[in-house]
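Participant: Spelled out, the chains give:
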Amino acid sequence: MHPKRKQKLILVGLMVAAVAIAAGFILTAFNNNIQLFFSPTQVVAGEVPEGAEFKVGGLVAANSVKRIGDGLTVEFELTDNGETIPVQYTGILPDLFREGQGTVSVGKLDANGVFIAERVLAKHDENYMPPEVADALNKTKAAQGVTKAGKTQPYGADTVQMQ
Amino acid sequence: MFRWFHKLASTRNFYRLAEILSPWLAVLCALLLGVGIFLGLFVAPTDYEQGESYRIIYVHVPSAWLSMFVYMVMAFCSLLVLVWKMKLADIVAEVSAPIGASFTFLALATGSLWGKPMWGTWWEWDARLTSELILLFIYIGYMALRASIDNPSSRARAAAILALVGVVNIPIIHFSVDWWNTLHQPASIMKFDTPSIHPSMLLPLLLSALGFTVFYFVVMLMKTRTVVIERESKSAWVRERIAENRL
Numbered sequence: 001m002h003p004k005r006k007q008k009l010i011l012v013g014l015m016v017a018a019v020a021i022a023a024g025f026i027l028t029a030f031n032n033n034i035q036l037f038f039s040p041t042q043v044v045a046g047e048v049p050e051g052a053e054f055k056v057g058g059l060v061a062a063n064s065v066k067r068i069g070d071g072l073t074v075e076f077e078l079t080d081n082g083e084t085i086p087v088q089y090t091g092i093l094p095d096l097f098r099e100g101q102g103t104v105s106v107g108k109l110d111a112n113g114v115f116i117a118e119r120v121l122a123k124h125d126e127n128y129m130p131p132e133v134a135d136a137l138n139k140t141k142a143a144q145g146v147t148k149a150g151k152t153q154p155y156g157a158d159t160v161q162m163q
Numbered sequence: 001m002f003r004w005f006h007k008l009a010s011t012r013n014f015y016r017l018a019e020i021l022s023p024w025l026a027v028l029c030a031l032l033l034g035v036g037i038f039l040g041l042f043v044a045p046t047d048y049e050q051g052e053s054y055r056i057i058y059v060h061v062p063s064a065w066l067s068m069f070v071y072m073v074m075a076f077c078s079l080l081v082l083v084w085k086m087k088l089a090d091i092v093a094e095v096s097a098p099i100g101a102s103f104t105f106l107a108l109a110t111g112s113l114w115g116k117p118m119w120g121t122w123w124e125w126d127a128r129l130t131s132e133l134i135l136l137f138i139y140i141g142y143m144a145l146r147a148s149i150d151n152p153s154s155r156a157r158a159a160a161i162l163a164l165v166g167v168v169n170i171p172i173i174h175f176s177v178d179w180w181n182t183l184h185q186p187a188s189i190m191k192f193d194t195p196s197i198h199p200s201m202l203l204p205l206l207l208s209a210l211g212f213t214v215f216y217f218v219v220m221l222m223k224t225r226t227v228v229i230e231r232e233s234k235s236a237w238v239r240e241r242i243a244e245n246r247l
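Protein sequences, first through last, are from chains G and S.
Residues in the first sequence are numbered consecutively from 1, following the numbering used here.
Residues in the second sequence are numbered consecutively from 1, following the numbering used here.
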């Protein structure tokens with residue numbers, strides 16, 4: 001290669017590397033702001049902003065969804081398979097909201113440690129399959145005695161992904 | 001190997017090649033898109049969780065992939081411009097930008113339409129959605145920069161540097177769902193693991209994605225030919241073709 005071109009190529013490489021390193025530093029510095037939600041463990045550990053609105057994400061715990069009073073208010077427990085926190089929400093839930101499914105709630109903690117959600121979003125996982133396959137997988141799992149209540153086990157995945 | 005590369009780099013040869021390839025690619029594109037979209041919308045089974053709404057992936061996922069693929073083509077061309085001063089690469093990068101921006105917009109718009117019924121929100125500032133929006137802004141900025149510089153050689157250099165700086169966003173988009181917690185689900189196909197999508201749903205998606213890719217090449221070649229003619233309107237071979245009425 002022509003020495004001048006080689007020099008330019010190295011220069012371009014260095015430029016891209018420098019930008020990548022700078023972006024890496026910026027993203028690491030803003031790590032907490034880029035995370036979309038806190039986990040129940042962080043909420044229990046008191047890492048969340050007090051008195052301010054924040055987002056909390058996790059799985060809706062099995063057999064925890066209760067409708068109370070007017071039928072619009074829902075109480076459920078949010079878990080990351082470590083800690084669990086109670087959530088209360090009044091309003092219409094998204095289609096994908098169900099027990100065992102991932103969800104992100106926006107709201108505040110009240111004095112009793114109950115998370116009062118203003119909005120509840122459903123988090124979808126990366127698994128796509130026809131209902132028959134989901135049923136078949138569910139049956140196999142049931143036969144093995146490791147069913148997850150209310151949740152069909154995803155195709156090709158052994159664990160429910162939730163960070 | 002470098003001989004054919006130099007040959008192709010000549011705008012005249014590229015024009016000739018694009019002229020021959022274009023109709024075949026157009027037919028291939030129509031076939032792939034037609035079969036892929038038909039299988040996706042009418043033949044593929046419904047999803048166990050999302051029902052029919054998941055079918056938007058046959059448009060959303062290919063446009064999101066293409067938004068990044070087109071950018072990588074632009075970045076590679078920019079490298080050729082900066083190091084080898086290849087004029088043709090500058091043209092390819094120039095005509096690719098609006099196509100890539102359109103795919104980015106399509107990915108954002110279809111994702112938003114899907115997000116409302118599935119997640120319960122049109123938009124959320126999560127890492128995947130935000131980085132894809134930044135990609136749209138980079139495309140727009142790139143086009144604006146090109147439009148603002150009149151001198152062709154400084155325009156080519158400035159645009160190439162911007163495109164190469166913006167390339168760091170591509171891995172950020174791809175890995176955003178792994179690096180941070182996001183509302184957007186992790187990758188179903190582009191990962192070192194078995195795809196988390198049933199084969200009966202995967203096949204139409206791959207056909208559609210291939211169709212989108214060929215579509216990009218068809219449009220890119222078409223627009224490249226136009227710009228080549230425009231930039232070299234004074235050269236002998238273009239004049240000759242105009243005289244013979246075969247452009």
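Hints in this document: simulated from the structure, not taken from any laboratory.
A few of these clues could be false.
Below, computed lysine-lysine pairings styled on BS3-like, alpha-carbon distance capped at 30 Å [claimed, not checked]:
id	chain 1	residue 1	chain 2	residue 2
1	G	K55	G	K108
2	G	K6	S	K116
3	S	K223	S	K234
4	S	K87	G	K4
5	S	K223	G	K55
6	G	K66	G	K141
7	S	K87	S	K223
8	G	K6	S	K234
9	G	K108	G	K66
10	G	K66	G	K55
11	S	K116	G	K8
12	G	K66	G	K4
13	S	K223	S	K116
14	S	K191	G	K55
15	S	K223	G	K139
16	S	K116	G	K108
17	S	K85	S	K191
18	G	K141	S	K191
19	S	K116	G	K66
20	S	K85	G	K4
21	G	K8	S	K85
22	S	K223	S	K85
23	S	K234	S	K87
Participant: Broken hints, numbered, in rising order?
Facilitator: 2, 5, 8, 11, 12, 13, 15, 17
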